[in-house]
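Given chain S's structure and the hints, the job is docking chain G onto it.
For the record, the sequence lines run as chains S and G.
Using the numbering used here, the first residue of the first sequence is number 1, and each one after it goes up by one.
Using the numbering used here, the first residue of the second sequence is number 1, and each one after it goes up by one.
I should point out that these hints are in silico values taken from the structure, not numbers from a laboratory.
Virtual Cβ for every residue (Gly too), placed ideally from N, Cα, C.
Heads up, some of the hints might be wrong.
[Unchecked claim] Below, computed lysine to any residue pairings styled on SDA-like, alpha-carbon distance capped at 20 Å:
| # | chain 1 | residue 1 | chain 2 | residue 2 |
| --- | --- | --- | --- | --- |
| 1 | S | 41 | G | 8 |
| 2 | S | 41 | G | 40 |
| 3 | S | 41 | G | 46 |
| 4 | S | 41 | G | 11 |
| 5 | S | 41 | G | 44 |
| 6 | S | 41 | G | 102 |
| 7 | S | 41 | G | 41 |
| 8 | S | 41 | G | 10 |
| 9 | S | 55 | G | 99 |
| 10 | S | 41 | G | 9 |
| 11 | S | 41 | G | 85 |
| 12 | S | 41 | G | 5 |
| 13 | S | 41 | G | 47 |
| 14 | S | 41 | G | 7 |
| 15 | S | 41 | G | 108 |
| 16 | S | 41 | G | 39 |
| 17 | S | 41 | G | 110 |
| 18 | S | 41 | G | 105 |
[Unchecked claim] Interface residues of chain G toward chain S, partial, derived using beta-carbon atoms under 10 Å:
| # | residue |
| --- | --- |
| 19 | 37 |
| 20 | 39 |
| 21 | 42 |
| 22 | 50 |
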Amino acid sequence: GAVVSQHPSRVICKSGTSVKIECRSLDFQATTMFWYRQFPKQSLMLMATSNEGSKATYEQGVEKDKFLINHASLTLSTLTVTSAHPEDSSFYICSAGSGGGTKETQYFGPGTRLLVL
Amino acid sequence: AQTVTQSQPEMSVQEAETVTLSCTYDTSESDYYLFWYKQPPSRQMILVIRQEAYKQQNATENRFSVNFQKAAKSFSLKISDSQLGDAAMYFCAYSPNAGKSTFGDGTTLTVKP
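Extracted from the complex, chain S is given alone in its bound form (with noise of 0.2 Å):
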């Protein structure tokens, strides 16, 4: 199957300062990839859509200016968490979709444990 990529694996920052979290598509292009936050033993949730080429969207209650999202390329995703605080300490994972139209997969990145101190 498709393998979607993310760096860091794991990443522990100071409180203030921002962190970007890489999400590519290694074998396949992707003009929309999907970012969603988990906390321990909970399920998903969306975060944002992010388009290639296009603005991100942010599903409700999101804050767009602390989550920045880019999506530069067909096989690039990036998500910014500015002026990190520590109840943004999370399980960030992205994933893409590879078939396109009804036979579309997404495929998940392995996640991005981000612990803010």
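Using the frame of chain S, we list chain G on its own:
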């Protein structure tokens, strides 16, 4: 808004036995996609099985099969001949277009040797 409900926070099964995980959803759409994902301790999301709502036939993938009841908006997962490697958190998910998904709260499956 679409919602996905998994009413079993935890389930356990004896190795080699069969277990069924429940999922119900709410939508006003007629065409959509349903998924079961497995999340082991590594937290990598793995697609287990996928069902397109317009297909009446229940999807199967080796030991995994679903019981899709469209009118009842029910989508249960049956795992046959359970193996120790099946132990994980299982998420039911709904998607209107095979893109972004709404996930249930998950069911933690324990497999007893």
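Given hint residue 44 of chain G paired with residue 41 of chain S - CA-CA distance at most 20 Å: 13 Å, holds
Holds or violated: residue 41 of chain S to residue 110 of chain G, with C-alpha atoms at most 20 Å apart: 14 Å, holds
20 Å Cα cutoff - pair residue 55 of chain S, residue 99 of chain G: Holds, at roughly 17 Å.
Satisfaction of hint between residue 7 of chain G and residue 41 of chain S, Cα-Cα up to 20 Å: 15 Å, holds
Hint validity - residue 37 of chain G Cβ closer than 10 Å to any chain S Cβ: 8 Å, holds
Distance restraint between residue 41 of chain S and residue 9 of chain G, which requires alpha-carbon spacing of 20 Å or less: 10 Å, holds
Given pair status - residue 5 of chain G, residue 41 of chain S, alpha carbons within 20 Å: It holds: about 15 Å lies between the C-alpha atoms, which stays within 20 Å.
Pairwise hint evaluation, residue 8 of chain G against residue 41 of chain S, where the allowed Cα distance is 20 Å at most: 14 Å, holds
Straight-line alpha-carbon gap residue 41 of chain S to residue 11 of chain G, limit 20 Å: At roughly 15 Å apart (the allowed maximum being 20 Å), residue 11 of chain G and residue 41 of chain S satisfy the hint.
20 Å Cα cutoff - pair residue 41 of chain S, residue 41 of chain G: 10 Å, holds
Restraint status (C-alpha distance of residue 41 of chain S to residue 47 of chain G at most 20 Å): Between residue 41 of chain S and residue 47 of chain G the Cα gap is close to 18 Å, so the pair holds against 20 Å.
Chain S contact restraint on residue 39 of chain G - CB to CB distance below 10 Å: 9 Å, holds
Checked against the numbered hints above, the structure breaks none of them.
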